[in-house]
Amino acid sequence: MKLPQAQVAVLEAASADEQRTIDRIAEAADLKPEAATRAAFELDDAGLLEVTERTTSDVELTEEAERYVEAGLPELRLYEAAVDAGADEDPVQMGQVIGASGLAGDAVDIALSNYARKGYGEIDSGEISADPEADPDADEEATALDALAEGAGAYARETALEDLDNRGLIEQTETVVRSVTLTDDGVTELMAGIETAETVGQVTSEMLTSGEWESVEFAEYNVEADAERVVPGRKHALREMAERVTDALVGMGFQEMQGPHVDADFWINDCLFMPQDHPARNHWDRFALDTPESIDELPTGLADAVESAHREGVGPDGEGYHSPWDLDFAKALALRGHTTSLTARHLSGEAMGDLEPPQRFFSIEKAYRNDTLDATHLLEFFQIEGWVMAEDLSVRDLMGTFTEFYEQFGITDIEFKPHYNPYTEPSFELFGRHPETGEMIEIGNSGIFRPEMLDPLGVDCDVMAWGLALERLFMLATGAEDIRDVHGTLVDLEFLREEEVTY
Amino acid sequence: MPTVEIDPDELRYLTGHDEKDDAELKEDLFGLGLEFEGETDDGEFELEFAPDRLDRLSVEGVARSLRYHYGDDRGVYVPSTNDAEWTIRVADVPEDRPYVTGAIVRGLDMDDAALDSLIQLQEKLHATMGRQRAKGAIGVHDLTMLKGETLKDDDDSAKSITYTGVDADEETMVPLEGDQELTLREVLEVHHIGQEYADLVADYASMPAIYDEIGLFSFPPVVNGRRTEVSADSRDLFIEMTGTDQWTVDRMLNIVCYALDARGGKVEEVDVEYTDDAPVTPDAGRELIRPDLVTKEKTVAHGDIETMLGVDLDERDVVDLIERAGMDAEPTETDDGTAAYRVEVPPYRVDVLHPVDLIDDVGRAYGFNELEPRYPDVSTVGGRHERSRLEDAVRDRLVGQGFEDLLNFHLIDEEQNYERLNVSQGSDAVGGGEAVTIEQPYSEDFTMVRSWALPSIMMVLENNTHRAYPQDLAEVGFSAHVDERENTNVAERRTVAAALCHAGASYEDAKAALRALVDGFDKDLETPATEHPTFISGRTASVVIDGEDVGVIGEVHPEVIVEHDIELPVAAFEFDLDALR
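If you read the sequences in order, they're chains A and B.
Residue numbers are given in the UniProt record's numbering: position 107 of the first sequence equals residue 107, and the series is strictly consecutive.
Residue numbers are given in the UniProt record's numbering: position 250 of the second sequence equals residue 250, and the series is strictly consecutive.
Careful, some of the hints might be misleading.
For lysine to aspartate or glutamate, the following DMTMM-like pairs were computed, each having C-alpha atoms within a straight-line distance of at most 25 Å [as the list claims (entries may be wrong)]:
(1) Lys417/A <-> Asp73/B
(2) Lys511/B <-> Asp396/B
(3) Lys417/A <-> Glu5/B
(4) Lys266/B <-> Asp283/B
(5) Lys296/B <-> Glu319/A
(6) Lys417/A <-> Asp304/B
(7) Lys417/A <-> Glu170/B
(8) Lys417/A <-> Asp483/B
(9) Lys417/A <-> Asp320/B
(10) Lys523/B <-> Asp578/B
(11) Lys417/A <-> Glu37/B
(12) Lys331/A <-> Asp483/B
(13) Lys331/A <-> Glu484/B
(14) Lys417/A <-> Asp21/B
Restraint ranges, calculated between C-beta atoms of paired labels, are given here [unchecked claim]:
(15) Ala512/B <-> Gly353/A: 39 to 49 Å
(16) Asp445/B <-> Pro435/A: 32 to 42 Å
(17) Glu60/A <-> Ala468/B: 20 to 30 Å
(18) Glu444/B <-> Glu150/A: 28 to 38 Å
(19) His466/B <-> Asp290/A: 34 to 44 Å
(20) Asp549/B <-> Thr62/A: 44 to 54 Å
(21) Asp549/B <-> Glu415/A: 52 to 62 Å
(22) Val78/B <-> Glu415/A: 29 to 39 Å
(23) His502/B <-> Glu415/A: 49 to 59 Å
(24) Val177/A <-> Asp578/B: 49 to 59 Å
(25) Asp549/B <-> Val177/A: 49 to 59 Å
(26) Gly538/B <-> Asp290/A: 46 to 56 Å
(27) Glu415/A <-> Arg316/B: 23 to 33 Å
(28) Glu415/A <-> Glu123/B: 47 to 57 Å
Computed, partial: chain B to chain A, Cβ under 8 Å [said to hold, decoys possible]:
(29) Lys298
(30) Arg384
(31) Leu407
(32) Thr437
(33) Tyr442
(34) His502
Derived by calculation from the structure, the hints in this document are not laboratory data.
We put the beta carbon where it would ideally sit given N, CA and C, even for glycine.
Isolated chain B, as found in the complex (with noise of 0.2 Å):
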């Protein structure tokens, strides 16, 4: 799970909580679900998080919910917001990055630990909601080092900037830790940045870039401009959030806004204006104006909230635990005359899809450990599957005919499959089915789905030559080939698969162990000699079983024995599972 740095000497200056040590503070952020792993070399906290609350990606949002745990805060708060001055300007951008949105915020008194943190929180948001910049990415800037375009002539505060696409070859810019002119392509290819993040870009028609009057400060989604880099001077900041979707890099901006806030900033707004010339319009207009700091409304119903907690609780016990959980609630009544609550949500709060989810806040508001475990009242008659019960029975029959059952990998490679025990892909014989294939495999050694059992023993026996002998081992297990007749194309296959290796190990051995199993279970074996690849000719037959043909059995031959660095005999035999339904 992803991991968030907090320095704790931040988070008590943050949630006005110096009295707290550090030991008091790790239980309280465990109550969020937020686990101390480990500690940094400089002492932070290193947090586990779980991927839904991104508003707590930073100290300045876990300090929040802290202090909505501690009922320092109570309800929702929105920032209030200054009136824009500063357009987005949408022209012609790439088609695959088409969405844009942006903020000012002004007065920022930063220090190192509120920049760290700053950065922390953008690589946070790009690696979780801006699915590693592909969907959304942030570009921050040192607002005094921008000159907008003047919009009108009369009022020099009204200014522009510029969202467009270019091409790679022909515009400039000096990355962040560059030092020199390059063409966004060189960018692409030499500068480290650029390098991490080309294959973003790489099928775009044209790339994206940001320009003031100056010219291009940023190439999203890939690096900003030197320009414009911010330091622990800047006081004012311009943010600039690009993606594939306008919701998702709205809300990663909104986050970020509410961070800033709680560092002391004013948060302006900006116009975000997409021109006749950008490819696609948002749902919400042409005129958009950021960040969209609009609570959202859903209503929850009382009787909901029991339910799922199995608790029975009073109107202003829920509105109480909405309102520590950074909400605000009002007591109604929905159509049918049900007591419900109209919950406000704040808009960080990205996470909340359904009513659902308000109670899971009113649980945690309450705590969950508090809620007293019960068996459930429900009576259910329980068994096992027909097909376990089946591999069960002929395991136990196995094990008492004096087998060691194995439990073997699934996966494989075409190498162990089919070429060590002799038997071609696409053949009829036994195993001989096409492989079920992985497409992009992490080892060699497990490409494919195994076709059947019997090169997983060959495999334990070669590994255990070391071991004491008899090594008489068996397997109820699973096997898949292609099979166009199937829905999913694959046909999976139980099978039981078993060996004998001793010395004198003999093709008798193997039939006698064969005819004790499928005596048990009532069915009549025929074993009429055929020919099969791994075994020896004249000591093979085909598993006929109550007429059908389900498998082989042999000798194996000493080719594929010896392959395996087995100095013993070896007989075996494989069948289908289902042949002693």
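Same shape as in the complex, but just chain A (with noise of 0.2 Å):
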């Protein structure tokens, strides 16, 4: 029979009749532990050897402990005081043996309350007896500390470590020691004889150029045994999700826009004729700033058309709201609510100068709310925003751009539930079947914009513009049930490296 080296080496440090451990085996095979131990589970695969496992406790002494090794148990000094007091005849003013016993502070009252419990005599209106039959040299405490202190602990009774364990006197933790044995196949190959294969593990670089790897035999590996688990690098799941939705409005021929988190009102609701006491704007759903208020200009002439649009409506026969509208609200600063405020900014030209139709736009960026966290919401989330604008654009060209859209992800018969919006008209609320369950789920909300949005903003064109939260996609992909581990600082490392890959 021929076996690996290291093999061999550790089938000789074994013995049949004698169980030896792994770090014994290794000593005299003369391999490092791991490499002794992934030879030893090899021959056990083999039959050859057996590899037994037990768990031993190591048990330490804590400081505490190590002074009472050297002065003595507390308890066993008082006893000894009483005694020499003749305690053991009548009882005795306790000041006077705690006093001879040379105990102080803390150890007085730990030598009292064990003193009490292991039955060296009472303690009564301050004063104290000893039991004379009380053997202090008997004490299975003192026996098992001063054992261990010898380190002989394995000998210490179970009771006696529990007691110490109790006292915070020791410190017990369990490792695992694996032995081995010879088997009978084991003994047997070895009186035939085992010869060391000419076997390689490593394929080494001298072997390479030395031409050594001719003449040799390429040790055979347990191929199928499990490979140590490595935690690569990897894109966090949500952004995996965002850029597999990146990539197919790209590939629709969607330009992606980019712009503030931290915005004034006017950009993300004034300019989407969001009249200013709508609820949505109160100070507690408007995710206000405190620190810095105020944005320091608008654009000239914009605001002034916003206003009108607020106030009289757009066109000859339009109306406007009977709200209150106010500049200053209007350049408070906010973190916007939805990411339609980097519509607005493009639509303008603020963002990228005046745009010509047609155009497509989109950006997947970050939106909030100032909620409560629960399973399915956070207070940031990322919006996916799209839309196109074109001369002439009807309700069919939305209904298509979208069905399009979400068939990529699997989401197919599409419905368009009218809907309301401020500033878009038409709107719909989108339902999709679930590419698994079938059932009937909401997916987005979209709309043409209002003439009194676009027509402020300087365009006379049309534009249709639809959102949805990308975390509700990637929760409908994936099945994810709650967000937080997902998402943010809370989130489960675990949980994102075991997360299927999005292609």
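With the hints as a guide, bring the two chains together.
Shown next, in the form of structure tokens:
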């Protein structure tokens, strides 16, 4: 029989009569413990060796215990002093005994409580008596403590160890010790003689350059054995989903927008024809800033045009809101509640100059909501926002675009439920069929921007838009149930490591 | 979204469609945009509504819409009204609540269901158009309990009540659900409805109050008096609404009048007279006759309808669809000779602001889901923003170097952002920028926008000490701090942050990672020694890329590591993404 060198060494170091620990084997075989362990398991697989595992507890003395090893357990010192004072015949005043024992501070309390517990005597109304029958030399805890100090703790009694543990005198840790014995097959093979196979494990540089590789045999590995688990670098699971959506949209001709997270309410709401007394703009739902409070400048003319749209409407038959409109409120800063503020900045020409139709734009950027966290809602989420600017867009174009988009994610049978948004008309909530469960689920909100929004921004063609939370798409696609595990500082690294790759 | 509760039996009764079962009703309601959310304990439908069609906040309005939907009704309907006998005189009312409107409805045959519906309509109107009663508040009273002041000696049918402002400590009333006479201040302080709405009048110079000859019977927008409380036996109702805007209260009143008309009531006009003592005069003048059930007219072009819906329609179809939406349409031509319609819109439609709203109604009547989707024949070139390409390239690079990519919250609190990393706010150290803070945070964990990303990474390390190491984490993300040079007074920064946490993680490891990253972008990297309170002195350097100081690198100080309950060394760096451009 031929075996690799490490296995032969382990086999030869092992005995059929005696369990030997891996550490001992490794030393004898001149191997690293890991290599010896690996060889032992391979031999175990081959039936030549038996590996047994034993859990041993390792006991260490605490600092307090070390002191007692030197000076003796406090209760024993107390007993000695009590007997010296004659307390084995008649109760003696406690102060006297304690003074004589040399105990002080915490040690006095420790001595007293253990004294009574272990039956060395009694303490009653300030007097101490000692049981003449008690034998301090037979104290199990003291014996165990001494044994531990000498490194012979294995022979200490279990109950004594428990008591010491309870007193905080020892710390116990568990370790697994592997030992090996030769099996009958192993003995037989050894008797028959085992050659060291000229096998090589690692292919080395020297072996390659010297040509030695031509004359060696390669050790067989257990190719089915489990490999070590490594943690690879990877992109965040939600980011992967964002990339996937980005790819889809870029492929459909959409160009990406970016812009400020902290913005004036003007860009977040006023430009979207949201009346200033709209419930979503009250101080609770707005994510208003304390510092800083407001933007310095709004584009000249645009603020007037927006105010006029709010007050008077646009067009000969238009009407405005019967709501207050205040420039200071428009200039107040907030964390954007939706990324439609970016759309407003782009449509107005503020972001990258005036845009001529046709245009398609998108963003997958953070929006913020001032609310409480739960399993499906965070204070910050990624909003997928997209819009198309062209002459004479119809509801059918809107439907066609979104049907195409959602089909790329396996969501079909899109339905368009007429809906209301202050800044779009017509407006639709989008429903689609879940690829796995088959349920109809809400998948977004869409519409054609109102003239009261577009006219002040200087846009004189049609713009249709839609929005959707990336987290919602992620949860639909992955089945994740608690978004807090995924996004944010409460993230569970294990979740991110194990989450299936999105492509 | 808000919900409205509708009794399906009432709905069958008011639509005249007894044969419809619950399932059919639900489907028809969905068609109107009223989504079935569930059922109440009493078997009423809970319907989610979009807050535009406020005329559908009660079963009467929903039934009206359904009848149009079924084709039972067509065109505009306006209830006829009787002439006014009663006058509301507006005296020196508080300037904060100067407007009032009113109507009388007689001959109602109310029952508990009708009363419940009226109460719900009031509540929902308060919640929506009324902006929680701040903008408009409704009071409904049993008319028989009111004694108007006689206006003319020879005609005792002409009666008046007065809306005025009074001193909170001098006037008294017995409020609804109360049993003793209280001053208005006591109402605000001890009565449960008073307490709920006390904030609304806290800054008023005087308290709004409505009087008849007997005394104060309404304390808008807070609570009505008990004397005029409406019951299922009430037949004649007096409705008043006060608010900050005449248009708003008038439109709220219209919706209530239409609902009561559907219950068989006869609407009677009320004169509203703004006296010389009134602080403001409505645009419409001092003397108003209310309710203002006048239709409005808007012109919509035929071509605009066809373009928006993407289908060809003939004139008859359009007129038919408009009538089925509860409006009237008269074909006409615009000034430039194109085909159009003059559309008459009923006075409960508070949502119609622009002709585009009429096109939406045509589409709904046509059935949007009947339209065939088509991919628009518009060609554009797609592409990513340069910065997002850069972010992505850096992320790819870091992942290739073995980092796990993170996506942390941008919101954090001061303790996590500064204190736990030993950084002082307002200092020059990386991360020390002045905090962008939230005015009214819900949670004390999220009170500011993070000024750097390393604190977030430290939190992730702290929350994952039970997970396998190495934990080499990186984030290409967002941070912000106050900067008065910016228009928004906020400097928004994209930042690259990374931390290596494993046995033996050292400055050298972090530098090697940073070196590999920066080399990939063909930039010069220098790391002159510096001090930073988060890192160990003597093992900290500035990140200088192409000669510019853009960040910091070092071994995190044990004090910071232990503060985060981490038991392994951490080496980290953070710098501006733009340095790699």
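Hints, verified against the model:
1. Lys417/A <-> Asp73/B: 23 Å, holds
2. Lys511/B <-> Asp396/B: Given pair Lys511/B, Asp396/B holds - Cα atoms ~18 Å apart, limit 25 Å.
3. Lys417/A <-> Glu5/B: Given pair Lys417/A, Glu5/B holds - Cα atoms ~20 Å apart, limit 25 Å.
4. Lys266/B <-> Asp283/B: 28 Å, violated
5. Lys296/B <-> Glu319/A: Roughly 11 Å between the alpha carbons, so the hint for Lys296/B and Glu319/A holds.
6. Lys417/A <-> Asp304/B: Holds, at roughly 21 Å.
7. Lys417/A <-> Glu170/B: 55 Å, violated
8. Lys417/A <-> Asp483/B: Given that 25 Å is the threshold and the Cα spacing comes to 45 Å, the pair is violated.
9. Lys417/A <-> Asp320/B: Measuring from Cα to Cα gives roughly 22 Å; hence the hint holds.
10. Lys523/B <-> Asp578/B: Holds. Lys523/B to Asp578/B sits at ~12 Å (cutoff 25 Å).
11. Lys417/A <-> Glu37/B: 15 Å, holds
12. Lys331/A <-> Asp483/B: 17 Å, holds
13. Lys331/A <-> Glu484/B: Distance of about 15 Å is within 25 Å: holds.
14. Lys417/A <-> Asp21/B: 22 Å, holds
15. Ala512/B <-> Gly353/A: 39 to 49 Å: 44 Å, holds
16. Asp445/B <-> Pro435/A: 32 to 42 Å: 35 Å, holds
17. Glu60/A <-> Ala468/B: 20 to 30 Å: 27 Å, holds
18. Glu444/B <-> Glu150/A: 28 to 38 Å: 56 Å, violated
19. His466/B <-> Asp290/A: 34 to 44 Å: 37 Å, holds
20. Asp549/B <-> Thr62/A: 44 to 54 Å: 50 Å, holds
21. Asp549/B <-> Glu415/A: 52 to 62 Å: 56 Å, holds
22. Val78/B <-> Glu415/A: 29 to 39 Å: 35 Å, holds
23. His502/B <-> Glu415/A: 49 to 59 Å: 51 Å, holds
24. Val177/A <-> Asp578/B: 49 to 59 Å: About 57 Å separates the Cβ atoms of Val177/A and Asp578/B, which means 49 to 59 Å holds.
25. Asp549/B <-> Val177/A: 49 to 59 Å: Roughly 55 Å apart at Cβ, these two residues keep to the hinted range, so it holds.
26. Gly538/B <-> Asp290/A: 46 to 56 Å: Cβ of Gly538/B to Cβ of Asp290/A: about 39 Å, so the range 46 to 56 Å is violated.
27. Glu415/A <-> Arg316/B: 23 to 33 Å: 29 Å, holds
28. Glu415/A <-> Glu123/B: 47 to 57 Å: At roughly 31 Å between Cβ atoms, Glu123/B and Glu415/A fall outside 47 to 57 Å, so the hint is violated.
29. Lys298: 4 Å, holds
30. Arg384: Cβ of Arg384/B sits 5 Å from chain A, so the hint holds.
31. Leu407: 4 Å, holds
32. Thr437: 4 Å, holds
33. Tyr442: 6 Å, holds
34. His502: Because about 10 Å separates His502/B from the closest Cβ in chain A, which is outside the 8 Å limit, the hint is violated.
Checked against the numbered hints given earlier, this structure breaks hints 4, 7, 8, 18, 26, 28 and 34; the rest are met.
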